[in-house]
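J.: Chains as they are written, first to last, in the working numbering: chain A, 1 to 176; chain B, 1 to 134.
Source of the hints: derived by calculation from the structure; they are not laboratory data.
Take the hints with a grain of salt, since some may be wrong.
As the list claims (entries may be wrong) - Below 27 angstroms or equal to it, Euclidean Cα-Cα: the simulated DSSO-like pairs (lysine-lysine) are:
1. B:Lys102 / A:Lys151
2. A:Lys61 / B:Lys102
3. A:Lys99 / B:Lys102
Said to hold, decoys possible - Which chain B residues face chain A? A few, computed with CB under 10 angstroms, are given here:
4. Leu42
5. Val95
6. Arg98
C-beta: ideal position from N, C-alpha, C; glycine also.
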Amino acid sequence: MIRYLLPLTIFLGITVLFIYGLQNDPRYIPSPLINQSAPEFNLPTLHEPELNIKMDTLKGKVSLLNVWASWCAACRIEHPILNNAVRNYDIKLYGLNYKDSRSEALIWLKDLGNPYIESAYDKDGVVGIDYGVYGVPETFIIDKQGIIRYKHIGPINNEQFDNIIMPMIRNLEEEK
Amino acid sequence: MNKRFMSILIPILFFYAQNCFTNDEPVKFKNILQEEQYYNLLEEVRCLVCQNQSLADSNAPLAQDLRNEIYEMVNSKKNNNEILDFLVKRYGDFVLYRPPLKKNTWLLWFGPFLILIIAISIGIIVIKKQIGDK
Chain A
1 MIRYLLPLTI
11 FLGITVLFIY
21 GLQNDPRYIP
31 SPLINQSAPE
41 FNLPTLHEPE
51 LNIKMDTLKG
61 KVSLLNVWAS
71 WCAACRIEHP
81 ILNNAVRNYD
91 IKLYGLNYKD
101 SRSEALIWLK
111 DLGNPYIESA
121 YDKDGVVGID
131 YGVYGVPETF
141 IIDKQGIIRY
151 KHIGPINNEQ
161 FDNIIMPMIR
171 NLEEEK
Chain B
1 MNKRFMSILI
11 PILFFYAQNC
21 FTNDEPVKFK
31 NILQEEQYYN
41 LLEEVRCLVC
51 QNQSLADSNA
61 PLAQDLRNEI
71 YEMVNSKKNN
81 NEILDFLVKR
91 YGDFVLYRPP
101 LKKNTWLLWF
111 GPFLILIIAI
121 SIGIIVIKKQ
131 IGDK
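Same shape as in the complex, but just chain A (with noise of 0.2 angstroms):
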């Protein structure tokens, strides 16, 4: 009985650690940033190089903070789905341009619609490595006290939109 029962029941093992395996997404790597302050920056804003923005600006209020590129394919599908959210919601949406070219970025925004209040150049992506940035578009919600406390890496699509981010903003927003 042994003989054939354990084969199958390894066999039966190795297909649950599969299954579990296969619904896991190896891009996704939890970030040690949760529920740490939000890295200090003070970058050139993208439309205006000589104003700059800083860390501090972000605060006070719950914010999202989104990485994005002109070069980068992904952020073509966001971003619709960000232009929707400005315009349905009251949220505060950043943009932190990375690595890009300045002209490229401005007429990507101009073609696409601009969702963001500001958006600060990052143009060696400094501030991307303080942030931990391996896979654009990434978007960061930061709390009033400027404490990131979720982090979305890759393309939100409308569904996570209502259902992760939108609800976790009204989350914080009732936070003192």
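Take the given structure of chain A and dock chain B to it, following the hints.
T.: Chain B alone, transformed into the frame defined by chain A:
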């Protein structure tokens, strides 16, 4: 046919090989210790874009940025712990090929031994049974 084929193929291969390396600027160090430290660190750190490549192997732009970052830190005489800590704080334990022993890495470290023990036990049971059958 082969010779002609090779005479076309080889230049093509060289062309592509060159493309793979041109974004790497040569790095210069003050002393050999720093150079060793730099190259050892590159082997220890995983590139998050091409997850099965180390920073030394990867051609991803992020890997290039992180190499520069590590180079700067090595040059300013930071030790290995400080440099790896800098990376772990931003990207998590996943950047390390040898993550620290923690609750969630326990299985990673000891899983292989666990499987070995199970395999040996099964082996012993099977052998014992076969001897018993005789």
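J.: The structure should be examined with respect to each hint, and the outcome stated for every one.
T.: Hints versus structure:
Simply put, B:Lys102 and A:Lys151 have alpha-carbon atoms about 23 angstroms apart, close enough for the 27 angstroms limit, and the pair holds. Between A:Lys61 and B:Lys102 the CA atoms are separated by roughly 36 angstroms; this puts the pair beyond 27 angstroms, and the hint is violated. A distance of roughly 35 angstroms separates the Cα atoms of A:Lys99 and B:Lys102; the hinted pair therefore is violated under the 27 angstroms criterion. Restraint check, B:Leu42 versus chain A: the minimum CB separation of about 16 angstroms is more than 10 angstroms; hint violated.
Annotation: interface hint on B:Val95 holds; nearest CB of chain A at approximately 9 angstroms, less than 10 angstroms. Using the Cβ-Cβ criterion of 10 angstroms, the hint placing B:Arg98 at the interface with chain A is not satisfied: the shortest such distance is roughly 17 angstroms.
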